[in-house]
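Listed below are the residues making up each chain.
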Amino acid sequence: MTANEVTPDPLRSTASIGTSLLRRDGVEKVTGDATYAVEHPVTGPAGEPPLHAWLVTSTVARGRVAAVDATAALAHPGVVSVLDHTSAPRLADTSDAELAILQADAIAFRGQIVAVVLAETSESAREGAALVHVEQEAEPHASIFEEDSPTYAPEQVNGGSETDTLDGEPDEALARALVTVDATYTTPHEHNNPMEPHAATALWDGEQLTLHDSTQGPRPVRGTLAPMLGLEEEQVRVLAPYVGGGFGSKGLPHAPEMAVALAAMTVPGQPVRLAVTRQQMFALTGYRPPTRSHVRLGAHPDGRLEALRDDAVTQSSRVKEFAEQAAVPARVMYAAPHRATTHRVAELDVPVPSWMRAPGEMPGMYAQEVAVDELALHAGLDPVELRVRNEPDVDPDTGNPWGNRRLVECLRRGAERFGWADRPTEARATVDGEWWVGTGVAASTYPMLWMPGNVARIRSLDGGRYAVAIAATDIGTGARTVLTQIAADALGCPPEAIDLDMADSDLPFGSVAGGSSGTTSWGTAIVAAAQQFRADHGEHPDPGVETTAASGQYADMDGHALHSFGAVFCEARVHRYTGEVRVPRLLGVYSVGRVVNPRTARSQLLGGLVMGLSAALHEEGWRDPRTGHVVTQDLATYHVAAHADVQQLEAGWLDDVDELSTPMGSRGIGEIGIVGTAAAVANATYHATGVRVRDLPLTADRFLE
Amino acid sequence: MKELTYHRADDAASAVALVAADPDARFLGGGTNLVDHLKLGVTSPTTLVDVSRLPLDEVSELPDGGLRIGTNVRNSDLAAHRAVRRGWPVVARALLAGASGQIRNQATTGGNLLQRTRCVYFQDVTTPCNKREPGTGCSAIGGYGRYNAVLGASEACVTTHPSDLAVALAAVDATVVVLGPDGERRVPMSDFHRLPGDRPEQDTTLAHGELVTAVELPASAAARRSTYRKARDRASYAFALVSVAAGLELDDDGRVSDVRIAWGGVAHKPWRAEVAEAELRGRFVSEEAVRAAAEAELAAAVTDEQTAYKVPMVRNLTALTLTGLAEGATR
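Those protein sequence lines, which keep their order, are chains B and X. For the first sequence, our numbering gives the first residue as 135, with consecutive numbering after it. For the second sequence, our numbering gives the first residue as 243, with consecutive numbering after it.
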């Protein structure tokens, strides 16, 4: 294997990149042939059928397990065994307390795994779980994120960013400023809820653990679980050929994967299946913690920012720290000589928060982009114009030149396409029958993230075909399709000539499908391998020859600030009698580098816009202060946008090629669609009604008169 | 797994006999709510008697101009029925405001009336709930309350009835036809559902083993000029925050000669707003008059931080609904 720099002119053609190649796995998925994590026909070495696991979870928010009485469960027909903290296999490493389940009697949140039932059928496992009697000793708990919750400064925030930044003298500058905003914005608990729940089938044959998992990263799961289980990485194989969505919740392994692995190790030779219930997902598979952002802006009368403060507080868990980086986007968005951003975390007796689509950027840009809308109002400026006036020449955070910042073009093009110029300046100016009508805008940004260490293998096959292998995953994004296109153009062959093998941890290293870094990182490795393959084997390779190459370093992250940008425009209608909000139009215009596949890219951007709309209008997990339990724990009570909520929806992009970021000229697109969207909706509801709502979601009662 | 016996009933009388004889037996209609409860452990019957295939699926016109709806008429078929749309538009609109297309295709008329609250605590067997387990306490008091009742609640239960159809039926004075072990009886909609009092486990006045066989709609001018409006947390597929079923008849001067107002989302049963109706009879319909009438009805409302919105919301929606009917608008 060679680790090499990708040389200039990395692509041999752009015949496939930029075309809307059909999804490679579309037919399997829509015809039901695609097998998901608990659908694989896995049997033991002697044909043993799978056992079924069911999780038993705590019903107190803090305390200890005094005793687990499995007598009734074990007496139930079909129940094979019950594992608890006294009987589960011991882990070699328990430092990751989220994953170190069934190792001790402590209960750290409601919904924690306290026992696992194994049975011959899923029905008997479920009934067995209901029959397990867990005697719990409850202790006082603090599980509600409140204004006076004690907080601390984490060492760093999610993504490895600095906790606090300070430039100049923001407090003094704010005190001097003639036009100011000083307001607090909140976002609630949000839960990822991919359509396929977290699920896995595990088989321990005595030496090797095989996990068919629903994950965004087979290699990261292997790399995390193996040492905890006391195994070499090579003893664990993780496969995820089809994944029914993740939205970040499957980016890191969570406790259920450890539960099924531990359970399988107690029954060598027998596969074990576990599908987490929808209700259990609200405690066991990560969520976006509530955030509270205190934003202060100080500007000159012409709207130019002089000072900016964003002080963000979020919720974490005593089990494991997760610090949502809500103030990070404020570091790059606008020019202001005096700036401060801080993060503080309240550590509570709650489940472990984790990645949810655009962690940091989503809640942070909601706060900031509503604050900027308020500033435009105070300065008497059009919100598009105010943003244009605050466009920084260089990255305010690093001082680096921008790689490809085209926010102003996104704003201008979006404004034109949306008909922004026709907008009345005043709020509460338009009535259409029973509805107040308004429009709003917000900017969007997402960093260009690139994961090191990716490796691809290319082998020539008969008939001019090529096998391309990398342990990447397609969680529904279209990765399988776009990586095929990248491989085709890198090798200079049609996409039909590529056999792509992925989603298996036995393949060369692929990083997580997260942080909008997948296509970027895996694609760079594939291009590097293709170049090396041609260098090694020429244009007419013998069948069977192969080259494996690592991506080396490509993106110019030290010399340039590499970010994507966008602008979201929204029309909102607010019912004059009930306060209900409807969004008849939503438009996003993005600068995301070269678009590898317009069909799958549009789908990602539209999906992000819908998820942002959903966060704006509906999503809210409600944690009961008495039990520490999110009681809105299904999709009937935790509302996400339904079809009728999504009306005219458009996503477009600038014609771009970003060769500073990747050899393909592309940047990631998975997350930017959700960023800024909720702010655009909130700003439109303000323009419709004159009522400024700073707390998501924008439910009807907020606008009721 | 919990074993249970499944009977497919041959006729209504034998279905009633089977269920009446066994306190742990239940009727199964479309199953859109009961099957959820089986999965959640909310109920654990030992016997299910499937009545969904009984030939009670006709909509027929009655000699007096009314309509008889068999209990097994699916919600989607009833909403599309021409006679319903013409003579009782409130019923068709209420049905279409509920659930999803798939659920409406499955759900039956009688089953819709017998669906149970969606209170999050009722549906979570790890939390106390007097409706699910009498005597354990009400978790919704002091808990998640956005969908709680503001009228007629008790210390034992503060939940709301989820049906849209039932609200419309209350407004048009429907009658529920019930078959029991001792024969048939007829229950006015106003007496069908009950307030929680100290027996919240009892949603209706039906005795165990009584089977809804039909719903009858009397014809009236107010039913012909009727509609349903629903405010909700998303544009479809959500239960009502509040809803209004209303019918209106005006005399030649334009004064109210007959008015029917029923509210959903505010109580343990469809709330017939009789005080408001009385206030409006003989008056001209105006937004101010309807608001005042609604406020008179809502004087009895008990709210907290989470439910306070329901009072202005249902007042406003009632004003909009009735002024719309007065103007001849049908939606």
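Some clues are possibly wrong.
[Unchecked claim] Far from chain X, some chain B residues (derived; all Cβ distances over 12 Å):
#1 A149
#2 A234
#3 A264
#4 L312
#5 K454
#6 R562
#7 L595
#8 D635
#9 S737
#10 R760
#11 T833
[Stated by the list, open to error] Covered stretches of chain X, as calculated for chain B (at least 3 residues, CB under 8 Å):
#12 269-277
#13 463-475
#14 512-519
No lab work stands behind these hints: they were computed from the structure. For each residue, glycine too, the CB sits at the ideal point set by N, CA and C.
Legend entry - In rising order, the numbers of the hints this structure does not comply with: Hint check: 3, 10, 11, 12, 14 fail, others pass.
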